[in-house]
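What follows is the residue order along each chain.
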Amino acid sequence: MQAIKKPQFPAQTAPTYPAMAVALGNAVGRYCSFCEKPLTYRLRLFHKQRGVLADNAPMTAQDWPSLLLICGDCNTAASTNSTTPFNPNLAYYWPDTDAANQVAFLYNLVSNVTFIAHKPDGSVLEQTTGSAVLVTRATDIDPQTAAAALNTGSLFQLNGRFFNGNLSQPAYILTEDEYMVATDLRPMARLDAYERGVEAGTAAAQAMTRLPLGQKYVRNVLAMLDISLKLIGFHSTWRSAVFATLNGIDQQLVPRIVALLNQTPDAPIDPPVERGRKRLARDFDTGMGDADLKRRDKKARVDQTLSQAIKTKS
Amino acid sequence: MRPVDMQPRTLHPHYDGSLFDNITGAPLWLISDTTWTNAKIQKIKENNRLYHYFRHNYAWPGGPAKGGVPVKPAPLPLQPADQIIGAAVAVPAWQVATDTYDTANPLNVNARLVQVQKGGSTDYVLRVLLSLDQALDLWRVWKEGVWNGVTPTTISKAVAREIAKRIEAKKKTAPNIPAWQPGTFYGYRGAMRELVPAIGRYCSYCECRGIDGDTFEIEHRLAKSAYPSDYLRWENFLLACGYCNQAKNPQPDRASGTQLAIAGGAVAPVPYHQIRQAADKNYHWPSSNDSGVAPPAQPTNYSLRCVKYRLIEYNAAGAQVGQINAQDAVHFQNQGGDDDATGRFVNATVWNSVNGATRQALVRVELAATNPGTGAPALDAQKLASATRTITMCNLNGIANAGQDRRAIERTHAWFKAIEKLRGLRDALTAIASWELAGAPPGPTAPLVTDRNQLWNNVAGDAELSGYFSVWLTVFRRFSATGAANGIDYATRLVNALNQRGTAVSNNPYRYRGWSLQNSVLSQIPNI
Numbered sequence: 011m012q013a014i015k016k017p018q019f020p021a022q023t024a025p026t027y028p029a030m031a032v033a034l035g036n037a038v039g040r041y042c043s044f045c046e047k048p049l050t051y052r053l054r055l056f057h058k059q060r061g062v063l064a065d066n067a068p069m070t071a072q073d074w075p076s077l078l079l080i081c082g083d084c085n086t087a088a089s090t091n092s093t094t095p096f097n098p099n100l101a102y103y104w105p106d107t108d109a110a111n112q113v114a115f116l117y118n119l120v121s122n123v124t125f126i127a128h129k130p131d132g133s134v135l136e137q138t139t140g141s142a143v144l145v146t147r148a149t150d151i152d153p154q155t156a157a158a159a160l161n162t163g164s165l166f167q168l169n170g171r172f173f174n175g176n177l178s179q180p181a182y183i184l185t186e187d188e189y190m191v192a193t194d195l196r197p198m199a200r201l202d203a204y205e206r207g208v209e210a211g212t213a214a215a216q217a218m219t220r221l222p223l224g225q226k227y228v229r230n231v232l233a234m235l236d237i238s239l240k241l242i243g244f245h246s247t248w249r250s251a252v253f254a255t256l257n258g259i260d261q262q263l264v265p266r267i268v269a270l271l272n273q274t275p276d277a278p279i280d281p282p283v284e285r286g287r288k289r290l291a292r293d294f295d296t297g298m299g300d301a302d303l304k305r306r307d308k309k310a311r312v313d314q315t316l317s318q319a320i321k322t323k324s
Numbered sequence: 139m140r141p142v143d144m145q146p147r148t149l150h151p152h153y154d155g156s157l158f159d160n161i162t163g164a165p166l167w168l169i170s171d172t173t174w175t176n177a178k179i180q181k182i183k184e185n186n187r188l189y190h191y192f193r194h195n196y197a198w199p200g201g202p203a204k205g206g207v208p209v210k211p212a213p214l215p216l217q218p219a220d221q222i223i224g225a226a227v228a229v230p231a232w233q234v235a236t237d238t239y240d241t242a243n244p245l246n247v248n249a250r251l252v253q254v255q256k257g258g259s260t261d262y263v264l265r266v267l268l269s270l271d272q273a274l275d276l277w278r279v280w281k282e283g284v285w286n287g288v289t290p291t292t293i294s295k296a297v298a299r300e301i302a303k304r305i306e307a308k309k310k311t312a313p314n315i316p317a318w319q320p321g322t323f324y325g326y327r328g329a330m331r332e333l334v335p336a337i338g339r340y341c342s343y344c345e346c347r348g349i350d351g352d353t354f355e356i357e358h359r360l361a362k363s364a365y366p367s368d369y370l371r372w373e374n375f376l377l378a379c380g381y382c383n384q385a386k387n388p389q390p391d392r393a394s395g396t397q398l399a400i401a402g403g404a405v406a407p408v409p410y411h412q413i414r415q416a417a418d419k420n421y422h423w424p425s426s427n428d429s430g431v432a433p434p435a436q437p438t439n440y441s442l443r444c445v446k447y448r449l450i451e452y453n454a455a456g457a458q459v460g461q462i463n464a465q466d467a468v469h470f471q472n473q474g475g476d477d478d479a480t481g482r483f484v485n486a487t488v489w490n491s492v493n494g495a496t497r498q499a500l501v502r503v504e505l506a507a508t509n510p511g512t513g514a515p516a517l518d519a520q521k522l523a524s525a526t527r528t529i530t531m532c533n534l535n536g537i538a539n540a541g542q543d544r545r546a547i548e549r550t551h552a553w554f555k556a557i558e559k560l561r562g563l564r565d566a567l568t569a570i571a572s573w574e575l576a577g578a579p580p581g582p583t584a585p586l587v588t589d590r591n592q593l594w595n596n597v598a599g600d601a602e603l604s605g606y607f608s609v610w611l612t613v614f615r616r617f618s619a620t621g622a623a624n625g626i627d628y629a630t631r632l633v634n635a636l637n638q639r640g641t642a643v644s645n646n647p648y649r650y651r652g653w654s655l656q657n658s659v660l661s662q663i664p665n666i
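Protein chains in written order, with my numbering: chain A, 11 to 324; chain B, 139 to 666.
FRET-style restraints, in silico, Cβ to Cβ:
| hint | chain 1 | residue 1 | chain 2 | residue 2 | range |
| --- | --- | --- | --- | --- | --- |
| 1 | A | 60 | B | 645 | 34 to 42 Å |
| 2 | A | 157 | B | 642 | 38 to 46 Å |
| 3 | A | 90 | B | 519 | 47 to 55 Å |
| 4 | B | 454 | A | 260 | 48 to 56 Å |
| 5 | A | 140 | B | 454 | 49 to 57 Å |
A short list of chain B residues far from chain A (calculated; beta carbon distances all over 12 Å):
| hint | residue |
| --- | --- |
| 6 | 364 |
| 7 | 438 |
| 8 | 466 |
| 9 | 494 |
| 10 | 497 |
| 11 | 509 |
| 12 | 523 |
| 13 | 527 |
| 14 | 617 |
No lab work stands behind these hints, which were simulated from the structure alone. A quick note: this is a predicted structure, and the numbers were derived from the prediction, not measured. Every residue gets a Cβ at the ideal spot worked out from N, C-alpha and C, and that includes glycine.
Start from the sequences, fold in the hints, and give me the full structure.
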């Protein structure tokens with residue numbers, strides 16, 4: 011779940027559900043605030059005080075600070091959650107608040123996940139083992155934030171409605187109906203994002219081998235990967251996969267790419283432990299968010315610093 | 139509409155394999171009736187076997203309400219004492235005097251008579267051999283009684299009634315359900331497990347990516363309420379997003395099918411099969427084999443030629459200004475921007491070749507039915523009309539609920555994303571080509587193949603993520619002519635890269651599949 015910087019209520023925006031959804035999408039990007047899924051099908055709103063909203067629920071301009079974009083799957087999870095239902099008196103980890111400056115959730119690929127579907131009589135319909143990207147809470151956040159993150163993760167069931175909640179023995183336990191007609195696509199889509207992140211990391215590493223031939227090419231490839239990121243959403247997962255891939259190839263690739271994107275020499279950075287990776291993730295994301303053309307305008311200065319860095323490296 | 143090839147599937151019968159006729163392979167219905175010639179069918183028995191279909195809450199149109207209780211089939215096992223003691227004896231086939239879903243010929247119902255021992259006495263069991271199609275046709279006849287002046291014979295009606303009764307009876311009580319067999323499906327909802335791997339999790343009409351679990355559905359080309367004989371027919375399935383499905387439902391219905399049939403020369407009262415065929419033929423379906431009368435070895439689908447994608451400009455009042463010419467519409471200077479405040483258009487930067495500069499415009503990518511230009515005027519006119527009907531039927535150029543229905547808006551974003559991606563791709567490929575020409579290190583040829591392949595893989599991956607396959611192909615096609623001069627046919631390369639990705643991974647739903655039509659896709663890629 012990545013931090014969201016929400017602007018003031020845009021003037022001229024009608025205080026209606028659809029208009030505010032469009033305005034919010036334009037302002038912060040059309041992604042689910044909770045699972046980070048791209049909202050390419052429909053814009054839905056979640057209200058931090060009122061919870062799940064009905065279609066076209068009445069709005070006023072005062073609701074703007076409480077609104078977050080939400081996907082259909084997170085919306086379904088929150089609205090059908092009988093174990094940990096929405097409670098306006100609880101503290102939640104909202105991505106548009108200061109609390110989100112602390113990275114509360116981590117996204118890790120796990121390979122020993124059981125997928126089991128049951129028939130109505132309880133017998134096993136199918137059982138397999140596979141991979142999933144599981145959302146876990148970070149351990150280096152303050153207790154208040156940790157408690158709020160627990161509430162948010164539970165409300166939206168970020169690992170999917172059919173996750174057994176056991177991180178040491180992870181399993182997805184499906185009803186026959188869910189097995190036949192998947193209704194919660196978040197785990198599958200998150201795994202897809204991870205796999206595409208691996209592809210992106212591989213492509214970035216390959217491009218970096220061409221840096222001696224000119225940085226324009228590398229920047230261009232990175233800009234292309236940035237488009238991929240915008241299309242896939244699941245930014246946190248995608249970044250995790252990119253970093254894991256790059257680090258697996260060469261521990262120096264990430265700092266070199268960050269340096270390239272931030273237009274600074276190859277400066278020393280934190281070692282790629284979890285905390286460092288998270289910070290890098292932010293830098294990386296911010297850097298890649300810049301427009302390609304804007305970077306090219308500053309080409310001369312970057313050329314100089316990078317050629318220095320490359321010389322140092324070689 | 140992206141052409142897809144549904145690939146013929148062997149429909150799973152009502153029963154599993156052990157209830158196939160061991161001579162013909164046809165599925166069996168067991169009808170015990172010592173006086174069957176008088177159509178007094180007393181009961182139907184079936185072995186204790188899986189009843190695959192109708193397991194998921196589906197209420198037949200006009201059928202009894204289920205009260206929300208999950209519907210499960212009830213196996214009606216042969217009693218332990220019921221022993222088959224005689225070999226199957228073929229009995230004369232009888233004909234059901236009604237037209238079937240696809241032909242005016244009477245339905246031939248084959249049967250075998252089997253002698254069984256029942257509780258110390260000998261009885262006869264009539265095994266009626268019905269395919270799924272036949273069963274559904276008979277069911278329809280029973281439901282409709284007399285259809286367009288054709289009165290079913292007593293026996294056929296009685297058989298149909300009995301079958302329908304059993305179908306509904308099976309839905310009421312809890313079953314002892316044997317294991318589901320991979321590769322089969324039950325109930326039309328169960329076909330989702332076969333449809334997604336077959337054609338990808340994309341709407342067959344608007345081409346959006348099925349990203350939310352609750353808004354993606356199995357689509358019946360011919361509405362299941364109006365054409366129940368196609369309720370479970372694989373060829374009648376597509377996948378659709380909620381907005382397209384909602385707009386379409388329940389079209390084409392019986393009335394519109396009848397009108398189309400009469401317009402095509404049919405005489406009232408129009409037989410069912412003619413209505414059905416008219417409805418099927420007079421709309422454009424992404425899974426159609428459009429080659430004409432005789433199916434060729436390589437099926438052809440004109441989806442990409444029948445429907446073109448164009449960038450349309452609107453003014454601030456929401457009125458259409460007109461189409462932006464093809465050259466400007468895909469210019470590399472174009473940039474997609476935010477949604478406009480109404481959620482109906484996209485603010486974009488668009489090239490204006492008149493003054494050689496960009497300008498801001500409110501735009502939307504829309505579909506236009508076109509004459510496919512296949513060289514057969516009559517066929518072309520029909521295809522043009524069919525594509526027009528489908529676009530209207532699914533409201534593909536409309537927005538059902540501004541701010542929520544994002545089909546047209548995302549289609550437009552896909553347009554600009556494709557341009558942006560193509561721009562990066564072209565620059566990168568140009569750089570690689572220049573290195574090769576210069577013989578630059580670290581090597582002129584083999585390693586750069588990897589670079590190129592990864593670029594194309596990345597571009598194809600984005601086309602998968604974006605959805606709106608036809609939009610991507612349209613944009614890429616615009617540069618194919620130019621690119622071909624440099625040895626790069628962008629659209630063809632994109633199709634090939636998508637095909638490679640689609641065939642390389644079997645369990646990822648976000649791949650474009652259904653590609654045995656690939657050859658015809660390549661020749662049909664539109665040039666806007």
